[in-house]
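**Student:** For the sequence shown, numbering that gives the first Met the number 0 gives the first residue as 0, with consecutive numbering after it.
Certain hints may be false.
[Said to hold, decoys possible] DEER-style ranges, computed between Cβ atoms: (1) Gly308 with Gly338: 46 to 56 Å; (2) Asp477 with Arg527: 11 to 21 Å; (3) Thr423 with Asp169: 44 to 54 Å; (4) Thr377 with Phe503: 52 to 62 Å; (5) Pro186 with Tyr267: 37 to 47 Å; (6) Gly338 with Pro186: 36 to 46 Å.
It should be emphasised that the hints constitute simulated quantities derived from the structure, not laboratory data. Using N, Cα and C, we set each Cβ at its ideal position, and we do this for glycine too.
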Amino acid sequence: MEDDHQNDSSARTTRRSYVKLLGALGLGGATTGTAALSSQGVGTAGAQPNSAAGRVTVSDSGTVIDDDASQLDFGDALSVVEAGDDAVRVQGDSNPSIVDVRDDLGVEPEADDLWAAIEDHYLSFAPTERNHCYTIPAGTWDIATDNVHFDAHEFLGIVGDPFAVLKVTDQDVDRMMTVGSLDASLPHAQRTVMRDLQIDIRGDYDTGIARWYTYRYGHMENISMRGRRDKFNSQYGGDRHTILVNGVRSSATNVIRSCYLNNGDTKYDRSTIVGHAIPFSSDIYNHGTNYWEGCQVSDYIDNGIYVSGDDGRNIITGCHVRNCAGAGIRIGPNDYVQGCQITMTEQPGYSWSGLWLENGGGQLVSQLLVKNSVKKNTEIIRLTQDGPARLTDIHITDEGTDGRAIRVDDNDDAPTIFDACTITDRSSPSTSDYAVYVSSSNVTFNDCEFDIETQSATDRHGVFVTNGGDGIDRLTLDTCTIDPDGASLRFAETGADHTVESSFFEGLVMSDPETTLSRVLWVGNRHRGETIFRGERSQWQGDFNFGFEI
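Turn these sequences into a full structure, and let the hints guide you.
**Tutor:** Structure representation (structure tokens):
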């Protein structure tokens with residue numbers, strides 16, 4: 000195979016050469032040209048009549064050349080790429096050199112090792128001169144080299160043109176690539192782009208796609224995997240991470256858009272999910288901002304989108320997670336989930352949650368739709384974070400069995416707020432249980448509706464305030480409706496400073512014996528079921544309740 004080691008700077012043409020080139024094209028002093036850059040940074044100077052001017056300098060922003068121009072000065076930032084019958088094509092030196100893997104590297108589809116050819120070409124340049132976009136024509140291309148290290152470059156692009164399949168053909172390929180390095184010292188991976196590719200691991204192969212540690216910017220788009228992962232296979236199991244993206248500086252930005260990992264991982268009979276393949280993730284080395292946009296993942300064992308362990312920020316929008324064990328979406332400090340969907344139609348074989356908030360605080364979740372029709376041993380939404388969190392427009396439809404819809408067991412001091420959230424519970428429980436567990440203080444439900452109607456002979460209740468013995472304070476229910484088969488609201492713990500107002504209780508409202516509820520504001524509520532406080536009540540205030548008097 001042939002390597003193209005030509006750098007951009009070797010393509011520069013002197014000003015004198017431009018004049019000669021214009022003469023050869025018949026442009027001379029009675030022509031007009033225009034210059035503009037295309038999306039790939041290539042400009043064109045073309046002939047146009049009927050203008051008048053002298054010498055002109057053409058920048059990459061687009062400039063009209065009048066008819067008296069006898070010389071084109073493109074400056075130091077542009078160089079000639081090629082000349083046609085009536086045009087001069089130029090390219091900015093700061094833009095990447097386009098390397099066609101077939102034409103420039105001599106790689107043939109389904110014959111040569113594409114990854115080895117790209118690695119050889121990449122390593123033949125010094126880090127500051129690595130400024131290349133490798134275009135891969137349509138077809139199927141073999142990958143037989145393990146874990147190519149693209150450690151430092153100005154720009155690296157690996158793109159299908161328009162779309163290509165990369166087929167793993169060697170069982171030793173455990174991970175396709177590592178971009179950058181863990182530390183933030185220079186030289187580093189400045190800008191990295193990967194798009195319009197499908198990774199084919201069908202047959203006796205398994206691999207992770209990428210671990211990225213970016214310095215400035217990373218962009219991954221329209222990447223998918225064909226074939227099911229088999230991480231624990233003793234012969235050829237690959238990397239634990241399928242796509243891992245970290246920004247090594249707080250100013251780093253990564254965009255992961257429209258990537259699809261829908262064929263899952265092979266389940267092994269183990270006591271824990273840990274060690275199976277993780278589809279989408281960031282970890283402790285992420286200090287930047289990752290945008291996960293419109294991605295999909297299905298049938299993985301070790302979580303779906305797992306980004307809770309870093310101090311950077313992950314913004315997850317428009318993603319869909321199906322049938323994943325662990326947690327479908329698992330977020331940490333300052334992360335944001337918007338407009339996503341979690342669907343469970345098949346039991347993954349291990350315990351699962353749909354959404355899990357943990358580590359630190361500042362999490363925001365809005366417009367999340369969860370649909371479940373399988374058994375759950377835990378809860379659909381789990382909150383164990385150490386700081387404040389807000390969840391808005393969360394809609395849960397549960398047609399499965401057992402478990403809970405929501406469990407809050409987070410930091411007692413920081414507020415956790417649910418706004419305009421709904422639960423439509425049509426589950427078939429085998430044991431009597433509650434849909435919502437509140438196990439920590441300072442939890443608020445505003446304008447929420449919990450519609451619970453069991454599909455079995457076992458009762459399904461509403462909100463249960465319990466943590467096994469410690470007090471729980473500052474529960475707020477404001478303008479909520481709780482319509483269960485059995486109890487709407489049960490206090491099993493001593494607590495103070497609760498606020499319950501303007502809410503509808505269709506079922507029993509109660510407290511357990513040996514509990515004391517102090518300094519409670521209870522006003523404007525409608526009790527359509529019984530109200531039985533078996534414990535003590537101290538310093539209550541309130542009025543205007545229907546079906547219950549303070």
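**Student:** Now tell me, hint by hint, if it's right for this structure.
**Tutor:** Hint check:
| no. | hint | verdict |
| --- | --- | --- |
| 1 | Gly308 with Gly338: 46 to 56 Å | 24 Å, violated |
| 2 | Asp477 with Arg527: 11 to 21 Å | 18 Å, holds |
| 3 | Thr423 with Asp169: 44 to 54 Å | 50 Å, holds |
| 4 | Thr377 with Phe503: 52 to 62 Å | 28 Å, violated |
| 5 | Pro186 with Tyr267: 37 to 47 Å | 41 Å, holds |
| 6 | Gly338 with Pro186: 36 to 46 Å | 38 Å, holds |
Checked against the numbered hints given earlier, this structure breaks hints 1 and 4; the rest are met.
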